[in-house]
Structure formats: structure tokens, C-alpha cells
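Engineer: Going down the list, the sequences are from chains X and E. Once you know that position 60 of the first sequence is 60 in full-length UniProt numbering, the rest is easy, because the numbers rise by one and skip nothing. Once you know that position 181 of the second sequence is 181 in full-length UniProt numbering, the rest is easy, because the numbers rise by one and skip nothing.
Among the hints, a few may not be true.
The list makes no distinction among identical chains, and a pair is therefore deemed to hold if it is satisfied within one copy or across any two copies.
Distance condition first, Cα-Cα at most 20 angstroms in a straight line; then the derived SDA-like pairs of lysine to any residue [claimed, not checked]:
#1 K30 - T261
#2 K74 - E375
#3 K30 - G262
#4 K25 - E293
#5 K54 - T349
#6 K368 - L396
#7 K401 - T348
#8 K340 - T417
#9 K362 - Q385
#10 K30 - E309
#11 K362 - G90
#12 K30 - G364
#13 K340 - L33
#14 K74 - L201
#15 K30 - T417
#16 K340 - G264
#17 K25 - P275
In short, the hints are calculated from the structure, not lab data.
Number of protein chains: 2
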Amino acid sequence: MPNQNPSPLRLGIAGLGTVGAGVVKIVRQKAALLTERTGRSIEISAVSARSRDKDRGVNLDAYAWEDDPVALAKRDDVDIFVELMGGSDGPAKAATEAALRAGKDVVTANKALLAHHGQALAELAEANGAVLRFEAAVAGGIPVIKALTEGLAGNEIDRVMGVMNGTCNYILTRMEDAGLSYDEAFAEADGLGYLEADPNLDVGGIDAGHKLSLLASIAYGTQVNFDAVELEGIGRVSIEDIRQAADMGFRIKLLGVSRLTGRGLEQSMAPCLVPATSPLGQLVGGTNMVVIEGDQVGQIVLRGAGAGEGPTASAVLGDILDIARGTRLTTFGQPAGTLKSVPAAKATTPAPYYLRLALFDKPGALAKVASVLGEAGVSINRMRQYDHSDDTAPVLIVTHKTTRAALEQALVGMTQTGVVDGDPVALRIEQV
Amino acid sequence: MPNQNPSPLRLGIAGLGTVGAGVVKIVRQKAALLTERTGRSIEISAVSARSRDKDRGVNLDAYAWEDDPVALAKRDDVDIFVELMGGSDGPAKAATEAALRAGKDVVTANKALLAHHGQALAELAEANGAVLRFEAAVAGGIPVIKALTEGLAGNEIDRVMGVMNGTCNYILTRMEDAGLSYDEAFAEADGLGYLEADPNLDVGGIDAGHKLSLLASIAYGTQVNFDAVELEGIGRVSIEDIRQAADMGFRIKLLGVSRLTGRGLEQSMAPCLVPATSPLGQLVGGTNMVVIEGDQVGQIVLRGAGAGEGPTASAVLGDILDIARGTRLTTFGQPAGTLKSVPAAKATTPAPYYLRLALFDKPGALAKVASVLGEAGVSINRMRQYDHSDDTAPVLIVTHKTTRAALEQALVGMTQTGVVDGDPVALRIEQV
Chain X
1 MPNQNPSPLR
11 LGIAGLGTVG
21 AGVVKIVRQK
31 AALLTERTGR
41 SIEISAVSAR
51 SRDKDRGVNL
61 DAYAWEDDPV
71 ALAKRDDVDI
81 FVELMGGSDG
91 PAKAATEAAL
101 RAGKDVVTAN
111 KALLAHHGQA
121 LAELAEANGA
131 VLRFEAAVAG
141 GIPVIKALTE
151 GLAGNEIDRV
161 MGVMNGTCNY
171 ILTRMEDAGL
181 SYDEAFAEAD
191 GLGYLEADPN
201 LDVGGIDAGH
211 KLSLLASIAY
221 GTQVNFDAVE
231 LEGIGRVSIE
241 DIRQAADMGF
251 RIKLLGVSRL
261 TGRGLEQSMA
271 PCLVPATSPL
281 GQLVGGTNMV
291 VIEGDQVGQI
301 VLRGAGAGEG
311 PTASAVLGDI
321 LDIARGTRLT
331 TFGQPAGTLK
341 SVPAAKATTP
351 APYYLRLALF
361 DKPGALAKVA
371 SVLGEAGVSI
381 NRMRQYDHSD
391 DTAPVLIVTH
401 KTTRAALEQA
411 LVGMTQTGVV
421 DGDPVALRIE
431 QV
Chain E
1 MPNQNPSPLR
11 LGIAGLGTVG
21 AGVVKIVRQK
31 AALLTERTGR
41 SIEISAVSAR
51 SRDKDRGVNL
61 DAYAWEDDPV
71 ALAKRDDVDI
81 FVELMGGSDG
91 PAKAATEAAL
101 RAGKDVVTAN
111 KALLAHHGQA
121 LAELAEANGA
131 VLRFEAAVAG
141 GIPVIKALTE
151 GLAGNEIDRV
161 MGVMNGTCNY
171 ILTRMEDAGL
181 SYDEAFAEAD
191 GLGYLEADPN
201 LDVGGIDAGH
211 KLSLLASIAY
221 GTQVNFDAVE
231 LEGIGRVSIE
241 DIRQAADMGF
251 RIKLLGVSRL
261 TGRGLEQSMA
271 PCLVPATSPL
281 GQLVGGTNMV
291 VIEGDQVGQI
301 VLRGAGAGEG
311 PTASAVLGDI
321 LDIARGTRLT
331 TFGQPAGTLK
341 SVPAAKATTP
351 APYYLRLALF
361 DKPGALAKVA
371 SVLGEAGVSI
381 NRMRQYDHSD
391 DTAPVLIVTH
401 KTTRAALEQA
411 LVGMTQTGVV
421 DGDPVALRIE
431 QV
């Protein structure tokens, strides 16, 4: 219970960008509330960032300054090392390791670090009796790591899904609502400062893939395996696909899906069609959503801001306050040594697919496409060919459930028929 | 960290209805998983229920039987007393108190018990170094108590809202979708076994009000005060109101809303209009939703099954596994002695209202109504009078934001004009 450990809990904060400054503000402004809730006072001992002189809108005079985050991590007056620098390697990794080796707890918002080194860091934390928490790394302010690790721990998890990159969802929403092309919506998001320095982290699905790999580890008790996430960005989604999908009652989302089946661990982050009336389909703009399906609880949907100063700082504080209250959890919900290493199963669960192709206007063209699908064992649920004024006819096909392998075979076959112009678009329809 | 306490965690389960039997099944069937996740084996020592002979679809032979739940609560071989009997007083209260006095942790699904005696029980738990957890008492499988108590603990909470009675939401959904009258939808829900033995617990808003009072205590650091919840059931919601609301882009929900303002603690559980396109507006059928708004995190929406064996057992297990992992939390998120006793503020926050009245067909009737509203300081945003074939004309008014007090004054004034037939319907429009 609180109040049994009246000593202050001392933070060392590395990284004073938007989120770091936000955490400092909350610790300063809500001191009484945080103490009331945890029974301990939360203090900041020292901070570190690249530039000491930058104005961050918060007074840092009372805190020791360290140029080197590793030195910060090892300070005697730091109980929790708060890592808000980012980056999968370099200073963030070195400082996190130094803190854990020194037996200090670590709270981080760094999805890349954990996606690449989660297993090793979890082992290091446990070997040193330290706690490593990362609520802020996934879906911003939504307490989804907590829900999955703790609240739903009595469940075997069947599926975890998520729209976890607000920038991609913003772009897709703007394409649908304003009829923008991908390039136009991308430029708009860029102008609003929504994109990472390397935009491919967002639109290539990498950032969201990092998050999915962390959720999968907790959900299935498996070692984090980001490299096995099937990644497909949103760059090939066209306004045409968005319109056709809408016309059939679907929306296109950059959707993460993970499942553990007898064939292995499926993790995919790719543009998918979801029913427009489902919670995922109704999610517009920069908001995040995570859907967790457990054998007991059924479907739980969590929705909230996935980024930004306040939401991310809220998640960082949640982890800090857990530690202040004495909660000591393993990193991924069970001892790191018991996390299973399972093979990757690439989208082996059958699903319906949406196909869009441009058919040369020749007699028998459609029959050739249909017969290629049939030969691959892919059956057609719905098909539409549209009126057209140029040499090719737009054709839409919704398949019945099929494996990705069968679909790939059909796609290869289609290009070999000579009646299809360019590469067909193929998007999975995720049933939610 | 797990594995530091290898002794088994021993449960005594009182109440073997649907949820109790569900908990027994999970503990039996998932023993290895639960141990992997917590580092401790979870065992059942003893059980108690009203009838020993009833077939509950689960083998209880391995467990000691107690006819008296108080005796169960005090057994030396019980570490956690799991209270799944229900009822705000009687055996549930006596056994919970006995367990806490004996220093045993308690996990309960009993919203009525905590809504009526939460403060005293929290004090008793703390005085005895015991933990009292109740995730299953609110919104079934949704880990909302955990989200509010822990994940969002760095926030000052601005508002908590919830649709937390699936039966009411089912009835309202069926009225809208199938055009049923309230009585028809009620009868249908009754036939499906959705109603409590005392239906007023559901349709009178009492059950949902219990839940709201628990969320408010955690959100605002206040003592549970169920008696101060403004309760209005769904019995007066007519199909006419549902249709008119839909026509204006709203849906009617039995919505709990709580806020802490300078005027005091607002808690209301009443039929409200919410935008049809909002997450709350889109919630149909028996599903629950809780919306939490914090100063840092913004709006978090949690959605899932609010009742049933699996979801409720999932929540009970969540609490048990927390304790197995060594997590020790205060009942309402801070020490019971620091929970504030604040005055109740009855809907003092201004809101727009929906009014429906039947106007006698006389010259000047509408002018009288409009002038009564104006005198009370209530201004009109939208107004419609419909064509009619009988003596009275249906009139709909949506007001601008007004206080409940001003609105009540206007409603009294309306009945005194002599031009309004019967009592006007007045429903708050909650802006979400």
C-alpha cells in the first residue's frame, strides 16, 4: 500500500523534446496530486538533452544537467531513468542498458528500441532486479500495454489489431473526405508537421510495425520479433481504391493484425479493408485504436490520441506512478526467459481480398482472369467491371476467403495472361 | 518481479453463479498460463454457494465446501476472498468485512456493495493491510478501473461518461432499429433473460448509477457517494423521442456523466442525446462503453462486453493476477483517509436540452411557450412544429446551453400556461 515508503522517487529524464518537457511540467505542476495517489513524492534529480540552451517552456534550473545520458542513467540520485530520446540504437540504447545494469528502473517511450532489442533489454532488466516499462511506446495515451499485460491477463489472446500511426490514418482520412490524391494528402500532413524526419517510418508502416511487435509479444508470450512483421506502407493506396472500398461498405486503414496459430506467429502491418460501420472503420483523423480479442473477454476496443505532448506524457507518468506505488512487473508480462521463440507465419490465415485491376479491352479478357483465379483455388465473391473511355477497363473483385499464397499465385498468373495492364492492387479484407 | 514468491496463491470463492463458475473454469483450465504470467500458481482452496448440489458444469470435488461465506472468508488456507454473491448488504458485506478484518485480500464483482459501503470497506482494507479490488464491478470485461486508477493516474480527470447497462442499451437499440415501443422492447429483453430479478435495477438506472459512483470516486479522489447520483431510468423514453432525436443526428443513451467542478460533484445517470456519429452514439446492442477525459490524455474510449460469464470472469482474474504479481493498490486510487467528501452539485454545468411537448392547437400557444422559455433565460436553438391530426401539435425544441435550474423553471412555467398537454419531455444533450 502507499505511504509505506515515504522516500521520494527520483527521476532522471533523458530527452527534453515535446514529451520530455511535458513530463517535467506534469511532475512540477501536479506534485501534490501525484503524491496523494502514490504515497510518495515524485522528484526530478537530473535531466539530459542535446542542447542545454534551448528554451523548452519549463524551468530546469533546479535539476542537475548531464550532457551524457549514460552518465545520467548511472547517477546515484536517480531511481527511474526516463528515456525519451528515441532511436533504436546509439545513446538511447547505451543509456537504457547502463540504467538497467545499475539496477535502476527504466520508463521509455521508445518503440524502435524495444522492437529491436526488447528481448535482450527485458533479460537485462530482470537480471538486475529492475523494471522496464514502455506504455508510451504504443498508441500514445491509450493504456493498452497495461490492459493487455495486466487487465486481460486471464485471457488467451486470439487476435490483436490496431490503427497505431495517426499520420497514416490522417492521410487516408483526408484522401477519402477531401478527395485528395495520396501525394496531396502526404504533402498536407508534411506541412502540418505530422511526419517523422524519415517519412517512411510513418507511411512505410515501420513505426506502427514496431508497436504491433510489442503488443504481439505480450499477447502471445513470444519474443519480440519486429523483423518478422510483414510491412506494407500506404504509398500504393489510391483514391480509386478508397472510393471503391467505400462504395462496397469498407474503409481502408493501415491496420496491424497479429495472431498466434499452429502455423506460427502472424504479424502484418498493411493497408486493409475493414467494414465502414465497425469501430476500426469509423476511426477518422489522427486518433489511434487498438482492438484486443480474448477467449474470455471477447472484443475490447481502446481508442484515444496516439501522439502529442499530453497523451504521451500521460502514458509515461502512468508507468512512473506504477513504480512509485510499488508495482513490479516483467517487461512483456512474463519472465523474459519464458518468452517463446516461434516461427513467423506470413498471413497464413485465410481472408477475403479486394482486387483492382486494369483489363485490356479484348474479347475473353475477363474470362482469362477468372480462370487464373479458379486455377489458383481463389473463388470470387463479388465482381464488377466498369464503363471506361480508354483502352483498359477497371475491374474490381472481392474474393472469398483464400490464403495469401493462393492469391499470390493468382496475381502472378494474371500478369502472365497479357490481358492485365500493370500490377493488380490486392488488399486484405480484415473481418472485425 | 514474479518468481520471488513461489508459494501458491489460494482462493476462496463465494458465489458460484455464472461468473463464479467461470472463474473456477479459468483457474482450472489455464493453470500453466496463469503461473507463467505471474510466477505463482493460483489454486482454489474452498468455495461457497447457496446450494451445494446444483450442477454448475465444473467439478468442485477438490475444493473444501463452506455453507457460510463468512467462514470461507476467514479460512487459514484462503489468501484472496473472491466475492461473487452480489447484494449490497447481507452475506456479501459480512463476508467481505470478515475477510478484510482477517487481513485477506478481496476481489469482488459487487457494484452495489461498493457503491453503498465503498468508503468504509476501503478504510477497513487499509487498516488491515489488505487489498480490495473490483474491476469486475464496472463495465464487465473492460479494464476501466485499472485504466482510471493506474494508466491515467497522471491526469486530472475532467469528465467520465459511460453506457454501462447493456440491457438498457439493448432496449433503446431495439426501439430504434425495430420500431418497438418501450414496453415491447422491455418484454423482449425480459424474454431473453437480460433483466435483473428487480428490473428497476436495470431500467431505473440504479445498476449503472452504482458503477458511475465508483468511477467518480477514483476519477476525482472523492468518497463514493451513490446517494448523490441523479437517477432517471429509461421508462419514459418513447419511440417518438428516439425517432426525433435520430432525425436531428442524435441517439438516446442511458448515459452516466460525472464531473467535479467548483460547485461540487456532478453525477447523473439519465437518458441523454449524444451525436449519432460519436463513439457513444455508435454503440448499439448490449455492449458497454466508458469515456474518460483527462487534462493530459484528452479523450480515451473503452468499449467491450459489459456482462456475461467470460467478460466478468476475465475482470475477476485480472484482479487476482495483479495480487499474484505483488501489485498492492488502494481501493480507490489513493488512501481512503484522503478521499474528499464533496457536496453534490446537481447538473449545474450548463447543457443544451431537447424538449418535446404537445401544444394545444390555439392561436398564440407557441408564443406563450417561447415567452416562458425566454423569461427563464432559456434560449432556443432549433424549433419544429409538426403537422398533426388531433387536438395537439407536437413541438420539438433544442435549446442553447442552459442550467438545469433554468430549464426546470421553464418547464413549470409551460404547464402553467395552459397551452401544453401533459408534461413536456426534457432530455439533456451531452456534448461528446
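Engineer: For every hint, state whether the structure bears it out.
Structural biologist: Hints versus structure:
Proximity of K30 to T261 under the C-alpha cut-off of 20 angstroms is restricted to the inter-copy arrangement: shortest distance 18 angstroms between copies versus 45 angstroms within a copy. For the homomeric pair K74 and E375, neither the shortest alpha-carbon distance inside one copy (63 angstroms) nor that between copies (69 angstroms) is at most 20 angstroms. For a Cα distance limit of 20 angstroms, the shortest separation of K30 from G262 across copies, 18 angstroms, qualifies, whereas the shortest one inside one copy, 49 angstroms, does not. For the identical chains of this complex, K25 and E293 are inter-copy neighbours only, at 19 angstroms across copies versus 36 angstroms inside a copy, given an alpha-carbon limit of 20 angstroms.
For the homomeric pair K54 and T349, neither the shortest alpha-carbon distance inside one copy (51 angstroms) nor that between copies (42 angstroms) is at most 20 angstroms. Taking the shortest alpha-carbon separations for K368 and L396, only the intra-copy value of 15 angstroms comes in at or below 20 angstroms, while the best inter-copy value is 60 angstroms. Taking the shortest Cα distances, K401 and T348 sit within 20 angstroms of each other inside one copy (11 angstroms), while across copies they are farther apart (54 angstroms). Proximity of K340 and T417 under a CA criterion of 20 angstroms is satisfied in neither setting, with 44 angstroms inside one chain copy and 75 angstroms between copies.
Taking the shortest alpha-carbon separations for K362 and Q385, only the intra-copy value of 13 angstroms comes in at or below 20 angstroms, while the best inter-copy value is 61 angstroms. For the identical chains of this complex, K30 and E309 are intra-copy neighbours only, at 16 angstroms inside a copy versus 40 angstroms across copies, given an alpha-carbon limit of 20 angstroms. Proximity of K362 to G90 under the C-alpha cut-off of 20 angstroms is found in neither arrangement, the shortest distances being 58 angstroms within a copy and 81 angstroms between copies. For the identical chains of this complex, K30 and G364 are neighbours neither inside a copy (72 angstroms) nor across copies (57 angstroms), given an alpha-carbon limit of 20 angstroms.
Taking the shortest Cα distances, K340 and L33 sit within 20 angstroms of each other only across copies (13 angstroms), while inside one copy they are farther apart (40 angstroms). For the homomeric pair K74 and L201, neither the shortest alpha-carbon distance inside one copy (31 angstroms) nor that between copies (57 angstroms) is at most 20 angstroms. Taking the shortest alpha-carbon separations for K30 and T417, neither the intra-copy value of 67 angstroms nor the inter-copy value of 52 angstroms comes in at or below 20 angstroms. Taking identical chains as interchangeable, the C-alpha atoms of K340 and G264 lie at most 20 angstroms apart only when both belong to the same chain, with a minimum of 11 angstroms there against 52 angstroms between chains.
For the homomeric pair K25 and P275, neither the shortest alpha-carbon distance inside one copy (41 angstroms) nor that between copies (34 angstroms) is at most 20 angstroms.
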